[in-house]
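Asks: Each chain, written out:
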Amino acid sequence: EAQVTQNPRYLITVTGKKLTVTCSQNMNHEYMSWYRQDPGLGLRQIYYSMNVEVTDKGDVPEGYKVSRKEKRNFPLILESPSPNQTSLYFCASSPLLAGGHGELFFGEGSRLTVL
Amino acid sequence: GNSVTQMEGPVTLSEEAFLTINCTYTATGYPSLFWYVQYPGEGLQLLLKATKADDKGSNKGFEATYRKETTSFHLEKGSVQVSDSAVYFCALRRGPYGGSQGNLIFGKGTKLSVKP
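Which chain is which? The protein sequence lines are A and B, in order.
Following the working numbering, the numbering of the first sequence begins with -10 at its first residue and continues without gaps.
Following the working numbering, the numbering of the second sequence begins with 12 at its first residue and continues without gaps.
The set of hints was computed from the structure by calculation and includes no laboratory data.
You may find that some hints are simply not true.
Lysine-lysine pairs mimicking DSS-like chemistry, simulated, CA-CA at most 30 Å apart [what the hints assert, rightly or not]:
#1 A:Lys58 <-> A:Lys46
#2 A:Lys46 <-> B:Lys71
#3 B:Lys122 <-> A:Lys46
#4 A:Lys46 <-> B:Lys88
#5 A:Lys46 <-> A:Lys60
#6 B:Lys79 <-> B:Lys126
#7 B:Lys119 <-> A:Lys54
#8 B:Lys88 <-> B:Lys63
Stretches of chain B that chain A covers, calculated by requiring three or more beta carbons in the stretch to come under 8 Å of a beta carbon on chain A [to be verified]:
#9 49 to 55
#10 116 to 126
Derived Cβ-Cβ restraints for the label pairs, each shown as a range [to be verified]:
#11 A:Leu77 <-> B:Ser25: 26 to 32 Å
#12 A:Arg(-2) <-> B:Asn33: 20 to 26 Å
#13 A:Leu85 <-> B:Phe29: 33 to 39 Å
#14 B:Phe29 <-> A:Ser56: 26 to 32 Å
#15 A:Pro84 <-> B:Lys79: 46 to 52 Å
#16 B:Asn33 <-> A:Thr9: 38 to 44 Å
#17 B:Lys126 <-> A:Ile66: 49 to 55 Å
#18 A:Ile66 <-> B:Lys79: 24 to 30 Å
#19 A:Ile1 <-> B:Lys63: 22 to 28 Å
#20 A:Thr9 <-> B:Ala64: 38 to 44 Å
#21 A:Val41 <-> B:Gln56: 35 to 41 Å
#22 B:Lys67 <-> A:Ser56: 37 to 43 Å
For clarity, every value in this text was computed on a predicted model and none was experimentally measured.
All residues carry an ideal CB built from backbone N, CA and C; glycine is no exception.
With the sequences and hints as input, model every part of the structure.
Replies: Written out as structure tokens, the structure reads:
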């Protein structure tokens, strides 16, 4: 089954304790992206990757890191989490189609709480 | 820059009522337009899409037409059901790829509640 898998789905942590949210897709997609969803703000892009070893900042990258060493995986790293990073996080992937017409496939989300 | 504006919710309707959720966009070039749906406690799913002007996307009784002259992509359904209760997001994606042009830009979402 084609899917985007995120882990963990739920996490409660404390300020400053490094954590990684993993994302894996089995569709051989070139493009992957991380979003955070907050009430009243919709979805905002954190980082994206056009292919292996190619990553770039989205709209709200502060406090996050990513890496893309393999095509299928795109982990999101919070080196020193803070309470304002409490949010619902989504990973997404898509093929790179000419004209930008590809739909994004989303994971089920990871709800992170930073105390 | 590119942006999407959709009507603020929440929207509350009775079952079998007609639904319209307005969406307008700002973009240079020829973006693709999407509607995504998020059911309670779940991730986002593509509901429908349109890739060029005058295209109509449709799925599960929902429809939206890509209107370049009014830069709009309004979502409609003739008769909503309780199971349609969800948050609906309008989005655009602009190519060709280069830098951030291929990124999906979302509206803030519209929460729909359908009462029996």
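Asks: None of the hints should be skipped; say for each whether it holds.
Replies: To see whether the hints hold, each was checked on the structure:
{"no.": "1", "hint": "A:Lys58 <-> A:Lys46", "result": "17 Å, holds"}
{"no.": "2", "hint": "A:Lys46 <-> B:Lys71", "result": "35 Å, violated"}
{"no.": "3", "hint": "B:Lys122 <-> A:Lys46", "result": "29 Å, holds"}
{"no.": "4", "hint": "A:Lys46 <-> B:Lys88", "result": "37 Å, violated"}
{"no.": "5", "hint": "A:Lys46 <-> A:Lys60", "result": "18 Å, holds"}
{"no.": "6", "hint": "B:Lys79 <-> B:Lys126", "result": "34 Å, violated"}
{"no.": "7", "hint": "B:Lys119 <-> A:Lys54", "result": "25 Å, holds"}
{"no.": "8", "hint": "B:Lys88 <-> B:Lys63", "result": "21 Å, holds"}
{"no.": "9", "hint": "49 to 55", "result": "holds (count 3)"}
{"no.": "10", "hint": "116 to 126", "result": "holds (count 4)"}
{"no.": "11", "hint": "A:Leu77 <-> B:Ser25: 26 to 32 Å", "result": "30 Å, holds"}
{"no.": "12", "hint": "A:Arg(-2) <-> B:Asn33: 20 to 26 Å", "result": "33 Å, violated"}
{"no.": "13", "hint": "A:Leu85 <-> B:Phe29: 33 to 39 Å", "result": "38 Å, holds"}
{"no.": "14", "hint": "B:Phe29 <-> A:Ser56: 26 to 32 Å", "result": "48 Å, violated"}
{"no.": "15", "hint": "A:Pro84 <-> B:Lys79: 46 to 52 Å", "result": "25 Å, violated"}
{"no.": "16", "hint": "B:Asn33 <-> A:Thr9: 38 to 44 Å", "result": "39 Å, holds"}
{"no.": "17", "hint": "B:Lys126 <-> A:Ile66: 49 to 55 Å", "result": "43 Å, violated"}
{"no.": "18", "hint": "A:Ile66 <-> B:Lys79: 24 to 30 Å", "result": "41 Å, violated"}
{"no.": "19", "hint": "A:Ile1 <-> B:Lys63: 22 to 28 Å", "result": "46 Å, violated"}
{"no.": "20", "hint": "A:Thr9 <-> B:Ala64: 38 to 44 Å", "result": "43 Å, holds"}
{"no.": "21", "hint": "A:Val41 <-> B:Gln56: 35 to 41 Å", "result": "27 Å, violated"}
{"no.": "22", "hint": "B:Lys67 <-> A:Ser56: 37 to 43 Å", "result": "41 Å, holds"}
Hint check: violations occur at hints 2, 4, 6, 12, 14, 15, 17, 18, 19 and 21; the rest are consistent with the structure.
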